[in-house]
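J.: Quick mapping for you: the protein sequence lines, in order, are chains A and B. Mapping to the working numbering: the first sequence position 86 is 86, numbers consecutive. Mapping to the working numbering: the second sequence position 253 is 1253, numbers consecutive.
Read the hints as simulated data drawn from the structure, not as lab findings. Owing to the predicted nature of the structure, the values given are computational and were not obtained by experimental measurement. Treat each hint with caution, since some may be false.
Derived EDC-like pairs (lysine to aspartate or glutamate); straight-line CA-CA distance at most 16 Å [to be verified]:
{"hint": "1", "chain 1": "B", "residue 1": "K1503", "chain 2": "A", "residue 2": "E83"}
{"hint": "2", "chain 1": "B", "residue 1": "K1503", "chain 2": "A", "residue 2": "E57"}
{"hint": "3", "chain 1": "B", "residue 1": "K1037", "chain 2": "B", "residue 2": "E1073"}
{"hint": "4", "chain 1": "B", "residue 1": "K1503", "chain 2": "A", "residue 2": "D34"}
{"hint": "5", "chain 1": "A", "residue 1": "K49", "chain 2": "A", "residue 2": "D70"}
{"hint": "6", "chain 1": "A", "residue 1": "K99", "chain 2": "A", "residue 2": "E122"}
{"hint": "7", "chain 1": "B", "residue 1": "K1086", "chain 2": "B", "residue 2": "E1430"}
{"hint": "8", "chain 1": "B", "residue 1": "K1414", "chain 2": "A", "residue 2": "E122"}
Label pairs and their calculated CB-CB ranges [stated by the list, open to error]:
{"hint": "9", "chain 1": "B", "residue 1": "A1224", "chain 2": "A", "residue 2": "D113", "range": "27 to 37 Å"}
{"hint": "10", "chain 1": "A", "residue 1": "L79", "chain 2": "B", "residue 2": "E1497", "range": "42 to 52 Å"}
{"hint": "11", "chain 1": "B", "residue 1": "H1079", "chain 2": "A", "residue 2": "E39", "range": "50 to 60 Å"}
Don't be surprised by glycine CBs; every beta carbon is placed ideally from N, CA and C.
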Amino acid sequence: MTDLRFTTDHEWVRRDGDIAVVGITDYAQSCLGDVVYVELPSVGATVEKGGAAATVESVKAASEVYAPLDGEVVAVNDLLAGEPGHVNADPTGEGWFFKLKLSDPGQVDALMDEAAYKTLVESLA
Amino acid sequence: MNDWSQALGGFKPLPAIGETQTGNRALQIEEPLLFEKDSPGRSGVDLPEPPPHTSRLGNAARTAPIGLPGLSEPQVVRHFTRLSQKNYSIDSGLYPLGSCTMKHNPRLNEKMARLPGFADLHPLQPISTVQGALELIDTLAHWLKALTGMPAVAMSPAAGAHGELCGLLAIHAALDARGETRHRILVPESAHGTNPATAAACGYAVEAIPANGSGRVDLDALQAALDTDVAAFMLTNPNTCGLFENDIIAIAEAVHAVGAYFYCDGANFNAIVGRVRPADLGVDAMHINLHKTFSTPHGGGGPGSGPVVLGGALAPYAPLPWVVHGTEGFGLLEQAAGPAAQALGRLKGNHGQMGMFVRALAYIMSHGSDGLRQVSGDAVLNANYLLAELSVELTPSFPGPCMHEALFDDGFLKGTGVTTLDFAKALIDEGYHPMTMYFPLVVHGALLIEPTETESKQELDRFIAVVTALARRAKTGDAAEWFRGAPYLTPRRRLDETAAARKPVLRWLPVVAAADAAG
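Generate coordinates for the entire structure from the input sequences, incorporating the hints supplied.
T.: Structure (C-alpha cells):
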C-alpha cells in the first residue's frame, strides 16, 4: 500500500502535513502517450478543487490537469519544461507537476486510496 | 583509381536484393535539400552587370555572402519535381481525412481562376477597372446567403479559424452595443480544437459541454451551463462524430433564451448543403470553408477561405470592406461610416481570397442548386456505405446512419497490441493517405473517415477491401510487430513524432554553422 491518493480524473496526491504533491497517474500517462509539453501553474496561484491547474500535451492530444484539492501553488516541477518525458518514465516520482499548500488538508480523506483507484482503472480497461 | 569510381565513393560489395548503391529505390529517389546540393558558382540565370552607379547604401551594404545555394535550372526543376512525386494528393488517390472534406478540384475551376481578367488583377486597381471581380464577389455572396438563409456575409476571412474570429468579434461587438459584458463561451467536447482556441483568443473563458450516449450534445448539461454570462455557444453540425445534432432547434432556443448567440462551425457544411439552411436552425453566425464545401484546393498548405454568414443582429458588424451596389456599378465601402458605421475594421488585407472566390463560384454555378443537393446526398451516401461495410471488421463508435463521415474507435484492435497509429501507418503502404486519427477526442483511438461525394463505388470498394484486410491481419494476434514497423515502402519509415515535438529542428543550418551553434 502506498501513501498516494487518487482522483477520478487520474491525478495522484501525496500529502505531507499541509503540503500536497500532485501529478498524473501511470494510467493517465499510458493513455496520453509520449508527453511532449507540460504547462504548469504559476507559483503563488490559488487553485480550486476541480478547476484546471495545468495542461499536459502528448503526441495525441492536449488535456487539462485538474487541481485535486483547494490550495495555493507553492512549487512547480521545473524539470518538466526541458524533459517532459519524466511524466511517462516516472509519473509518481520525477514526473510530479506541482505542490500545493492546502487550505483544508482534510479534503484529502475524500480522495480514493490505491485499492479504490485500481478498481476504477480496471473498470475502464 | 579512376575518377568515376572515386565519385561513387568506391564500389561497395554487391548490395543485397532490395538494397541499392545509391539508397534510391527505383523511382523513389533520395532527395537532399537544395542547400545541401549547393555548388558555388552555378546559376540558372545570367544577369547583366549593373550599369555604373554610386551606392547610397553606405554601412548597410552587405559584405558577407547571402548564403543562397548555387544551382542550375535542371537541378532546381528536378528537385521540385521529385518532391512533388513524393506527395500524396487528392489528384493521386482517395484522401479519407475526416473533418477535412478532401474533394476533387474540378479543372473547370482552375481554368476560370486563370482567366487573365481575374488572375492578373491588382487589388489596388481603380474600382472602375475591376467591376467584373466585384460582381463575382457579390454573386458568390448572394449564393452563400441563399444556401444558408442568412441576410449578410463577411467575405474576407481567410479560413475557418479566421471566420470563427470574425464571428466571435461580431458577437462581442453586438453584446457591447447592448451594454453587456459576458465572459463565457460554451463548446461541446467533440468540437474542433479551433473553437475553444478562438474563444480563448477573444478573451472568453471556455467551458466544455459533454456529449450524451448517442454522441450528440447533452441538452440538459447545456441548459444547466447556460446563463446570462454566456456570450455564445459554438457547435459544429453535423458534429465531428459525423452525426446530425437532432436537438439543434431546442439548442438554439435555449441559447437565445439567455440572450446568447449561436455560432455554427460550418466545417461540415458539405453534409447538408442544398438541403438545410442554417438560418432555419437558429444559427446567428457560421463560417463556410470554401476550401472544403466548394472545392478549392486545400491540404498541404493551399489557401483557405472562410466567409462568415451573419444573422440580422450581427450583420452590422461585418468587417470591412463591404462590396456594395452604387449608382456607377459596384463599389467598396472601406471606412466605418454610413451604412458600415458599426463595421469591424479589416481582418485581412484587400478583399479576401480572390482566387478561391473564383473557384468556389465556378463550382457552385457548374453544379447549380440541384447539383449541390446531390453533392450532399452523395457525400452522405458514400459515408454510410463505408460505415456499413467497415462495421463488419471495425467497431463503429455510434450506431448509424451517419452524415458525411464515418467514425470508428479502436475497440476492434483491443488485445491485438496494434494501435490506431500503427493501423494508419500500415494504410500508407497500401497507397492511401491515412484517415484522421485520435480525433474527435470523445472516442477512444478514433479513426474518422470522410470519403466525400468524389469517390465512386469501385474506389470505395477497393478502400474497404484494404481496410478490412488490414483489420483481419491485426486480429490474427501475431501481427503487432509487423504493424509497429509500418510503413515499410515509404522514403522515410516511422517518424519519431515524440522527438519532433520535444526537440523540433525548425531551421536548416549549414553543417559548419550548426557545429558552431552546438559548440
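J.: Are the hints correct? Go through all of them and say.
T.: Checked hints:
Our distance criterion of 16 Å between C-alpha atoms is met by K1503 (chain B) and E83 (chain A), whose separation comes to about 10 Å. For the given pair, K1503 (chain B) sits about 14 Å from E57 (chain A) by alpha-carbon distance, which is consistent with the 16 Å threshold. For the proposed pair K1037 (chain B) and E1073 (chain B), the alpha carbon gap of about 13 Å is at most 16 Å, so the pair holds. Among the hinted pairs, K1503 (chain B) with D34 (chain A) is consistent with the structure: their alpha-carbon atoms are about 13 Å apart, no more than 16 Å.
For the hint linking K49 (chain A) to D70 (chain A), the alpha-carbon distance of about 5 Å falls within 16 Å, and the restraint holds. Restraint check: the Cα-Cα separation between K99 (chain A) and E122 (chain A) comes to about 28 Å, which exceeds 16 Å; the hinted pair is violated. Between the alpha carbons of K1086 (chain B) and E1430 (chain B) the distance comes to roughly 15 Å, so the proposed pair stays at or under 16 Å and holds. A threshold of 16 Å between alpha carbons decides the hint, and for K1414 (chain B) with E122 (chain A) the separation of about 14 Å falls inside it, so the pair holds.
Checked against the hint of 27 to 37 Å, the pair A1224 (chain B) and D113 (chain A) passes, with Cβ atoms roughly 31 Å apart. Here the CB-CB span from L79 (chain A) to E1497 (chain B) is close to 22 Å, at odds with the stated 42 to 52 Å. Our hint of 50 to 60 Å for H1079 (chain B) and E39 (chain A) is violated, since their Cβ atoms are close to 39 Å apart.
Violation of the numbered hints given earlier is confined to hints 6, 10 and 11; the remaining hints are satisfied by the structure.
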